[in-house]
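**Q** Spelled out from the first residue to the last, the chains are:
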Amino acid sequence: MNLHEYQAKELLKRYNVPTQEGVAVEHADAAVAAYKQIASSTGTKFAVVKAQIHAGGRGKGRMKEVPDQSGVNVVKSAEDVERVAKNILGNTLVTIQTGAAGKKVHKILVAQDMYYDGPSERKEFYLSILLDRAKKQNVVMYSTEGGMDIETVAHDTPEKIFKEWIQPGFPLLPFQARKIAFNLGLSGTAFKNMVKFVTNLYDAYVGLDCSMLEINPLFKSADDKILAVDCKMNLDENALMRHSDLADMRDKSEEDPTEVEAGEFNLNYVKLDGNVGCMVNGAGLAMATMDMIKLAGGEPANFLDVGGSANAQTVEAGFRIILKDPNVKAILINIFGGIVRCDRVAAGVIEAYNKLGNINIPIIVRLQGTNAEAAQELIKNSGLKVQSAILLSEAAELVQKAVN
Amino acid sequence: MAVLINKDSKVIVQGFTGTEGTFHATQMIEYGTNVVGGVTPAKGGTSHLERPVFNTVKDAVDGTGADVSIIFVPPAFAADAVMEAADAGIKVIICITEGIPVQDMVKAREYIKSRNCRLIGPNCPGVITAGEAKVGIMPGFVFKPGRIGVVSKSGTLTYEAADQVVKAGLGISTAIGIGGDPIIGTTTKEAVEMFMNDPETDGIIMIGEIGGTMEAEAAKWLKDNMRKPVVGFIAGQTAPPGRRMGHAGAIIGGADDTAAAKMKIMRECGIHVVDSPANIGKTMAQALAVTA
Chain A
1134 MNLHEYQAKE LLKRYNVPTQ EGVAVEHADA AVAAYKQIAS STGTKFAVVK
1184 AQIHAGGRGK GRMKEVPDQS GVNVVKSAED VERVAKNILG NTLVTIQTGA
1234 AGKKVHKILV AQDMYYDGPS ERKEFYLSIL LDRAKKQNVV MYSTEGGMDI
1284 ETVAHDTPEK IFKEWIQPGF PLLPFQARKI AFNLGLSGTA FKNMVKFVTN
1334 LYDAYVGLDC SMLEINPLFK SADDKILAVD CKMNLDENAL MRHSDLADMR
1384 DKSEEDPTEV EAGEFNLNYV KLDGNVGCMV NGAGLAMATM DMIKLAGGEP
1434 ANFLDVGGSA NAQTVEAGFR IILKDPNVKA ILINIFGGIV RCDRVAAGVI
1484 EAYNKLGNIN IPIIVRLQGT NAEAAQELIK NSGLKVQSAI LLSEAAELVQ
1534 KAVN
Chain B
151 MAVLINKDSK VIVQGFTGTE GTFHATQMIE YGTNVVGGVT PAKGGTSHLE
201 RPVFNTVKDA VDGTGADVSI IFVPPAFAAD AVMEAADAGI KVIICITEGI
251 PVQDMVKARE YIKSRNCRLI GPNCPGVITA GEAKVGIMPG FVFKPGRIGV
301 VSKSGTLTYE AADQVVKAGL GISTAIGIGG DPIIGTTTKE AVEMFMNDPE
351 TDGIIMIGEI GGTMEAEAAK WLKDNMRKPV VGFIAGQTAP PGRRMGHAGA
401 IIGGADDTAA AKMKIMRECG IHVVDSPANI GKTMAQALAV TA
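Just so you know, the sequences run in chain order A and B.
Heads up: the first sequence runs through residues 1134 to 1537, numbered per the working numbering.
Heads up: the second sequence runs through residues 151 to 442, numbered per the working numbering.
Just to be clear, a hint being listed does not mean it is correct.
[Claimed, not checked] Calculated from the model, a selection of chain A residues having no Cβ within reach of chain B, i.e. all distances over 10 angstroms: (1) PRO1151; (2) SER1173; (3) ASP1201; (4) PRO1252; (5) ALA1355.
[Claimed, not checked] Capping the alpha-carbon separation at 30 angstroms, the derived lysine-lysine pairs in DSSO-like fashion look like this: (6) LYS370/B <-> LYS1268/A; (7) LYS257/B <-> LYS1365/A; (8) LYS1240/A <-> LYS1169/A.
Hint data in this document are derived by calculation from the structure and do not stem from the laboratory.
If you're wondering where the values come from, they're calculated on a predicted model, not measured in any experiment.
The beta-carbon is built from N, C-alpha and C at its ideal position, and this holds for glycine as well.
Isolated chain A (complex conformation) (with noise of 0.2 angstroms):
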């Protein structure tokens, strides 16, 4: 699950990881009103606006309906603020990684601008925290090369890019910790709080059951603070359940409301672009099935495993869900039963499907297992429009045959 960016700094203060104050906000009014308390407890005049959505690249990205403005942006007056807040707030921001469609903004993060002059010089880092699957450790990655895409400094220059895994059950080790801030390159003040910064965030990583913790750029200010200016969190949805008040900071109008919608009745559904919908049980067959659908020169629609009880009821929210797609041409129901008895699906895809009445696009329903023979006969005598295979073969010819 993802959060925003100013939902995840309220949870590193928890455990004592230093940010960058802010406060969320969903109209211009209250982003003055914090502006104010901003420029009052800071003594400066700057600000920063920031508009909070799940995706990357905000600073480089572009408003669609005010296209000269930023989706981060310093401020310096309460005028300014005003401008910025309604140029974003209700508008849609695109950027690298959010696709030509943008995504609509809701909240922006009114935030100090940590980027004043002192007696040292300011600094960006990249720290992030994440699951190594083959070292099956978590591990800390860190460079000197803050503020830019990681994946560009990992390509160009690999030598610049410590890792440092940790030992599953421990936190992260004192000589762990000062080891990272001298390969950051830091002394004195800024060497000790990077110490304390690293180890609080590891924590919090694990308290959190994050599955990614990015803090980028990760801050030196010239005053020897070390603070997280930007953060982005994901948790572990399996974890979710000891979490309850993490669990109700999901924000759903971030996803795709069908996604939505299908989670609802415990289907998982992913949509894609293409113009064959399938619906299948398990995630592995379901995977399998959009690729058997490509070779049959087919795009699939969508990715839905119905999971193991493929009833009248899941096979019809199951229909509906792909149906809302105008793209889908045909749809494809694979299903291997095993515990589950073929016959009791074919009986559930018929119930469903006059249930909906008018589908319009072909229907090929394949099933294989027990009672397969049974669940055929089923579906040829029921008079429905619906094409039925045994084999994954003879489904894949009938998918053929539909596109072209």
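Place chain B on chain A using the hints.
**A** Frame of chain A, contents of chain B only:
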């Protein structure tokens, strides 16, 4: 004996008296699996499915001599169940549970490393040695006995592969569902290695999916150890990057964990890679005919 389990394996069920545990234990017993008892904390001393229930895995091992365990414990407690089984001396731990927090599995994997055991899963359909023992949730009748080993990250796709193998006139020695989570006990390479060393297996089907590097690791090992034909398939050729496709581990994170990248390295290492999931059985039959 094929690999991992056989008719002599003494199997206990953790989460024995729950809905899932009861249903699948019944199916396993019907298949002929030697289920010797089960564990449900605070129900020790009672009997379920005509077998003894114990409070702890230790009690169950002491009472029955069990060497294999299958876990149907809910996600919040499943990693603990894995560690308990390892600590009690269970040799083969098969964890079916889906939805275990990743950090729990990072710890559990580390904990069992120093114990003499093998973990299969989690988030997997289990293991079946055809005609001998089923320690899992798969439909047993699909797996007709024979000499082909299957290793797969997916449940229904394993059944599909087994069904094709049988329809191609062959059969299954053992099928291992290794699971679709980011952290699992037994890797593709370890499973393939077991089959390569098994005198009762003549050919291996290796089914992977997007995400991670396990298939590439297995392929590199196979390059120097290809003593039997291996047929491979990777699900998710059409999956978009950055999206989780059902399984927690099935997500394209970079250039190396796409289906195309995995299929390329598998081909280069001598695996018979099929583009279509409909050709798995047929290709195995052809590969065996060539080697014979």
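**Q** Please go over all the hints and tell whether each is borne out by the structure.
**A** Status of each hint after checking the structure:
Remark: the non-interface label on PRO1151/A is consistent with the geometry, its nearest Cβ contact in chain B lying 24 angstroms away (cut-off 10 angstroms). Chain B leaves SER1173/A outside its interface by the beta-carbon criterion, the shortest separation being 41 angstroms against a cut-off of 10 angstroms. For ASP1201/A, the condition that its CB be more than 10 angstroms from all CB atoms of chain B holds, with the nearest at approximately 29 angstroms. Consistency note on PRO1252/A: stated as away from chain B, and its beta-carbon is indeed over 10 angstroms from all of that chain's, at 40 angstroms minimum.
No beta-carbon of chain B comes within 10 angstroms of the beta-carbon of ALA1355/A; the shortest separation is about 36 angstroms. For a cut-off of 30 angstroms, the pair hint linking LYS370/B to LYS1268/A stands: about 17 angstroms separates their Cα positions. For a cut-off of 30 angstroms, the pair hint linking LYS257/B to LYS1365/A stands: about 24 angstroms separates their Cα positions. Proposed proximity of LYS1240/A and LYS1169/A is supported: the alpha carbons are some 18 angstroms apart, at most 30 angstroms.
Every hint from the earlier list agrees with this structure, and none is contradicted.
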